[in-house]
Amino acid sequence: MTSQLGDTVFDLAVGRHTDGGLVILAACQNGVFISIDMAETWSGLWLEGMATAIAASPNFASDGVIIAGVHGGIIQSDDAGASWAFRSLDDPRSLIASVSIRTSNGSSHLMLAGSVDDGLYRSVDWGVTWRPSNCGAYIPRITSVLAGNGQLSLAGTDVGLFVSTNDGLTWDDELAGEIDAEVTVVAMKDNLILIGTAHDGVYAKCMNPNQTWFQLADSALVGAISAIATVPDSDGSIRVVTVGNTHAQQYRLNVERNSPPVYLLRTDVLPTPALTSTVLPSGATVLAVVADTQGSILPFSIGLEGLSSAHLD
Amino acid sequence: MTLSSLPRPNGYRHGVAGDERDIAAFDRGIYALATLIKPVYGPINGVVANAGPTGRSAPELLTDGATIARRLTEIEPRVENSGAMYLRGLLWDVHRQVSDGTSTAAIVFEAMYREGRRGIGAGLNAARLREHLRHHSRHVHIELERQCSPLSGRAALQGLARSVCGDEALARAIADVYAGVGIHSQVDVRPSRTDRVGYDFLGDSYWKAHSLDNGLVRGLIGQRVELSNCAIFVSDLDLDEPHLLISVLTAARNRGADSLLLIGRSLSKQCLGLLAANSSSAFPIYAMSTPDATPIHQIETMDDIATIAGAVASKQATGAGPDSFKENDLGFCRRGWVSRTHFGLFAGQGASESLRQRIRELRVTLRNTRDREREKQLSLRLSRLTARSAVLWIDGGTERIVEDRKRLAERTCRVVRNALNNGVLPGAGIALLECSRSIDPHTAAVTEPEEAFALHMLRYGLEAPVRTLAQNNGQSPGVVITQSLNRGLSKTLSQPPPLDPVGNDEGILDSFEVITAAWQHAVSGVAQALTIGAIVFPRSPTIASAP
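Chain order of the listed sequences is A and B. When we follow my numbering, the leftmost residue of the first sequence carries the number 1, and every step to the right adds one. When we follow my numbering, the leftmost residue of the second sequence carries the number 1001, and every step to the right adds one.
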């Protein structure tokens, strides 16, 4: 079930439709596109230029909020892409590499955007105003951001990770323990932080100052990591799914212990070399949407039984 | 401010004062200053009104011991003045060292000194008393170290800030700021335009410097000017060679810069003219002095700026000159700003790995540094490299209130930083009161009356802050001390101390460094003052000029 979007895809996001179905959003060379039929057909939502990053609200079904990074600013839709507003960022114009939205009980919300030149931007008024937020984040080259639960946020850079414990107001590179790696993707599950890197696989650690980072994925096998998802297992452990350029891997972690044992559950070869991808927990199965350099979009599910073509759930 | 309300014995002209009457007058001077300071002790405190030299203007309301001591410049007659100035000098030393604790020091000093005088009056030897005081005061220091806990968590930060400034809104803002930026940060206190206490976190790195072109090149008149896509020439050179500046200008243009910031030691008139001729609104040029005063600090700072901006610093020490400049020596930042007194950089184009490595090395050096001044310098450099800066906005009204509030906020910030570095103690005099228990075991093994009395003096001094606080709150000192000792010390600092005038559940904290400094200065000052046997008056007395 491959779809030819026919455009270079920079980022993907997913949300739930009001009927419970999956909405896939793509930030592409020619704009923002949407698919509501598991990537079989696509329609343009915003076609005024290149979109480099995209995120949908966790409450997308009710609020319809999408934000996307475009040259020099952020575009935002509050009606599932029917209309868009442009929010300009500082001059000189920068490229937005990553955006993230956190909603919490509809009140405490946070939007973060990471740029490749000017560091981090933050909005706490549903995207009406964006302000630079780089106190302590001394590396301005942001590769990925995550507005996590609680007040914890993560920002990956070309040389390591910054953590914020106050909703992105200030950042610290020592809080989670320093790590020297080009971070490509960040993920979080409760107290567990996971980072995917360009050359060193996947690292994880709990937000515990006494614990050191431990490596999950072998970089030789997976290449640059483009997506990480977590699935809680019934025995209290966490299953982590990582997607690299050529392989998807699954691990089991016991995060209760100081040096969690890591078990490799299985490795699957991806059917297409991935340029960008996104994954999300979907019950006991993880649904992955992979886009290749030609704009081919391939949704598939990753379960304990292995990789299989995705279907509408 | 001069103190004229106290009874004056006969005046002295010059010569030597050494009889009991002279010493009593010296003591009165000490007690006069301590009496002035006592009412302002504690988070909910009184104020002291300074009527000023003429008494015609509105009185200045003073709420901290250091300012009261600073304002009190003379007491008449001269022998009383000597006593007051002795205590004043001691308090100012405490203030200079730790920015707080002057009231505690004054109260402990006065209590112990009164007892010491009583003992000497009863026939004890002052020199022996001094030795025993010095010897046994170390038990207190050990006990304070035992009680010391790290300052962590926003609530604890706020509790400490509140105990210093006594202002809930200011304490909350300071706690938020330091919970966000930590100890190695730049925090500027500025008057708020909205007349509200607040704060902003900044993400740029900035340095104090002065404008070499005096704002002439691009009309820099007081305000801050923003620079975009800025090329940076980093040096400590005298910028007096036009062909060096031409090379720099050409390089900046060639590399696509939209503005240029020159950093150097000085700028000649000829070069100023050259800059003015080449500066425009489309390509503004500014020249700022190399930050820092000493050559070693300048070199470190230049290397820091160069690392952030991806530049190669042109240093006199390495023989850099007009001919050694290369196009790639220029650094870049996405945005920058200059004012007459500072310049700042944001999103420097230096290599991330180099910046990270420099920060890592600086952190190691800082951890291993014991020298206070060096530590301060390294901390400031680290704050700039890691872009940790914040502005604390303070409210006010009149210019004088704003100045007072600014001083109070700055003092509180200094104490909070010290406490983040060195830890905290239970506040409101509880830590010192608890130390009185450490004195008791030694009373059984005393060898002479002076030792027994020294232990009594120490215990009395340790109780003095709680006693004063109780008096200021209209409570019975004896009852409060007994209750406090029975209740015992809050081991985790999470319990409210027995005396919690604010009435909250978070407790009041004091900086370990502040209380230790106040205690040590008070004890050593008392030990010394008790042995003063005569006072010499020069013919032309010099009026205290410092602080």
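Derived from the structure by calculation, the hints contain no laboratory data. Glycine included, C-beta positions come from ideal geometry on N, C-alpha and C. Hints may be right or wrong, so weigh each one.
To be verified - Simulated coverage check for chain B against chain A, where a stretch passes if three residues somewhere in it have a Cβ under 8 Å from a Cβ of chain A: (1) 1102-1112; (2) 1140-1148; (3) 1169-1181; (4) 1190-1203.
Status of the hints after comparison with the structure:
1. 1102-1112: violated (count 0)
2. 1140-1148: violated (count 0)
3. 1169-1181: holds (count 3)
4. 1190-1203: It holds: at least three residues are needed, and the region 1190-1203 of chain B offers 3 whose Cβ sits within less than 8 Å of chain A.
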